[in-house]
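Going down the list, the protein sequences come from chains A and B. Here our numbering is used: position 90 in the first sequence is 77, and no number is missing along the way. With the second sequence counted from 1, adding 1 to any position gets you our numbering.
Don't read these hints as lab results, they were simulated from the structure. Honestly, I wouldn't trust all of these hints.
These stretches of chain B come out as covered by chain A in the derived footprint (C-beta under 8 Å, 3 or more residues) [unchecked claim]: (1) 72 to 83; (2) 90 to 97; (3) 100 to 107; (4) 110 to 121.
Glycine is no exception: its CB is placed at the ideal position from the N, C-alpha and C atoms.
Now for the letters of each chain:
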Amino acid sequence: MARRSFDTLRGVDILIWALIWINVVGLGPFAGVLALFMADLGIFSKLFSEAIETADHKPVEGVLSTGGSKLTSVRFGILPQLMPVLLSQVLYAFESNTRSASIIGIVGAGGIGLILSEQIRTMEFQQMSFVILLILITVAVIDFLCSKLRFAIIGVRAR
Amino acid sequence: MSDLTVNPLATSDLAPRELLRRRYASHFKPFYQDNLMAIFIGLLAVAVFVFGIYKLEMTFARLWGGLGELGKIVVLMLPPNPESWAMTKVYLYAVLETLAIALLGTLSAALAAFPLGFFGCSQHHLQQVDSIYGETQF
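Chain A extracted, bound-state conformation:
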């Protein structure tokens, strides 16, 4: 049941969620955030549940045997194992969403997409290439920072 709900969330693309949320909360970035939230909720729930399934349950038994509650067994038994996996999934999604967020502006859900589509429509190609350059630089910077962050959290010094 839960899985089918995630499938439903995932089956609808970000652009369509954006169109739906624009009708609910109006034009602007808020609709974009909600659209990304809905689409990512489906993706993350699936990825996270699969990661949780692969986790070793012996640490959980260990925590419970020392008198821990279910909540602490999740915090100290499961979360430390999964942190690197979850983190890399979330950071990749953030990078990917930066690109998606530059698309959903086309339908009016905030971000640079509106400017970009306007420039393609009015054939201002030099300005368009400047904007594309800006997006490229932004994605490159995010990629760099994300890898730094990931290495910092899994405790390996980035080379």
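Place chain B on chain A using the hints.
Relative to chain A, chain B alone:
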């Protein structure tokens, strides 16, 4: 002939390769004998691919004709030029807004999805533990 210590390859009149072929006939079968189904599926996939190209009218002529247009656009795109500092500020603001949307959307979804992930598990570990130790306190 029944001397097992003698290498049969060494005593046989046949060429070694021929002997091997007779002993392990199943390994020397032509490859298509066991794989007829796989070959059929492969051919079917190629047929579907070709049919798709035909059906969607993907012709090289159209691609070739369009490539000229692509070249023109690329030439028009160079050099990148924001026109004015005022426009640059507008663009930078829009990029920051895009980043903000991505960050908020991703982070809120990740935080909400972690508890949901436990519902999606076919059998998560707390259930396993329950089945071993009886009901645990949350």
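Consistency of the hints with the structure:
Coverage of a stretch by a chain is defined here by at least three residues with a beta carbon nearer than 8 Å to that chain's beta carbons; for the segment 72 to 83 of chain B and chain A the count is 8, and the condition holds. Requiring three or more residues with a Cβ within less than 8 Å of a Cβ of chain A, the coverage given for the segment 90 to 97 of chain B holds, as 5 such residues are present. Check result for the segment 100 to 107 of chain B against chain A: holds, 8 residues qualifying (beta carbon to beta carbon below 8 Å, three or more required). Counting residues of the segment 110 to 121 of chain B whose CB falls under 8 Å from any CB of chain A gives 10; the rule of at least 3 is met.
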